[in-house]
Structures are given as C-alpha cells and as structure tokens.
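Chemist: Residue 110 is where the sequence shown ends in the working numbering, and the numbering goes up by one at each step.
Calculated directly from the structure, the hints in this document are not laboratory data.
Wrong hints could be hidden among the right ones.
To be verified - Derived pair list, reagent style EDC-like, types lysine to aspartate or glutamate, alpha-carbon separation capped at 16 Å:
{"no.": "1", "residue 1": "Lys-45", "residue 2": "Glu-104"}
{"no.": "2", "residue 1": "Lys-33", "residue 2": "Asp-105"}
{"no.": "3", "residue 1": "Lys-33", "residue 2": "Glu-104"}
{"no.": "4", "residue 1": "Lys-79", "residue 2": "Glu-104"}
{"no.": "5", "residue 1": "Lys-33", "residue 2": "Glu-101"}
{"no.": "6", "residue 1": "Lys-45", "residue 2": "Glu-85"}
{"no.": "7", "residue 1": "Lys-52", "residue 2": "Asp-105"}
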Amino acid sequence: LTPIKDWLDGWDIHDPKVAHMVCKMIPPQCPFERDILIFGKKVAHIPAMCKLNPLYEQLVGIRFRALSYLADECQEDISKYC
C-alpha cells in the first residue's frame, strides 16, 4: 500500500468543489467502536473503523488539506465541517 499512501500524501487541493466534496465524504473523527450486547452480556466487539483502515492517516491528511484550502485560500467558514 506504500505507493497509494505516497500518492494520497502528495495530493494537493486546488479546487473549492473538490475540497467541499472531500470534507463531506471523509468524517471529522473516527466512527465510534461498538459493543454488541445481548441480555446485558457482551457477545461481540466492533473496533473503531479507523483501526481497520490502513489508509486512515492519509485520508485525514487529505481532509485537513481540504479544510485548510477552504479556510486560507477561499476565505470560507469551515465550521460546518468540524
């Protein structure tokens, strides 16, 4: 996965439409992990999705670059994405 990680790390945002799409598609935080309970007993555990995704750090980086582009270059209010 190293070539994909390197490609994602090098991806720059230069288009407001792309930046908005990225901010909508990539969640601001890792989805919560869950315990599955039956009659009060834990029968299964679902780990946080970020722990399962080997590209999580790269996706968070792309989202950060998109937010930075919208805030710094486009002078937009990014609070709706936080």
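Chemist: Does the structure keep Lys-79 and Glu-104 at a Cα separation of 16 Å or less?
Modeler: violated (31 Å)
Chemist: Verify the proposed pairing of Lys-33 with Glu-104, using a straight-line Cα cut of 16 Å.
Modeler: violated (28 Å)
Chemist: Taking only the CA atoms, is the gap from Lys-45 to Glu-104 under or equal to 16 Å?
Modeler: holds (12 Å)
Chemist: Just to be careful, I want the Cα atoms of Lys-52 and Asp-105 compared with a cutoff of 16 Å; is the pair within it?
Modeler: Between Lys-52 and Asp-105 the Cα gap is close to 14 Å, so the pair holds against 16 Å.
Chemist: Hinted pair, alpha-carbon criterion (16 Å max): Lys-33, Asp-105. Please report holds or violated.
Modeler: violated (29 Å)
Chemist: Hey, Lys-45 versus Glu-85, does the alpha-carbon distance stay inside 16 Å?
Modeler: Violated, because 22 Å separates the two Cα atoms, which is more than 16 Å.
Chemist: For the pair supplied as a hint, Lys-33 and Glu-101, confirm whether the alpha-carbon distance does not exceed 16 Å.
Modeler: violated (25 Å)
Consistency with the previously given hints fails for numbers 2, 3, 4, 5, 6, ordered from lowest to highest.
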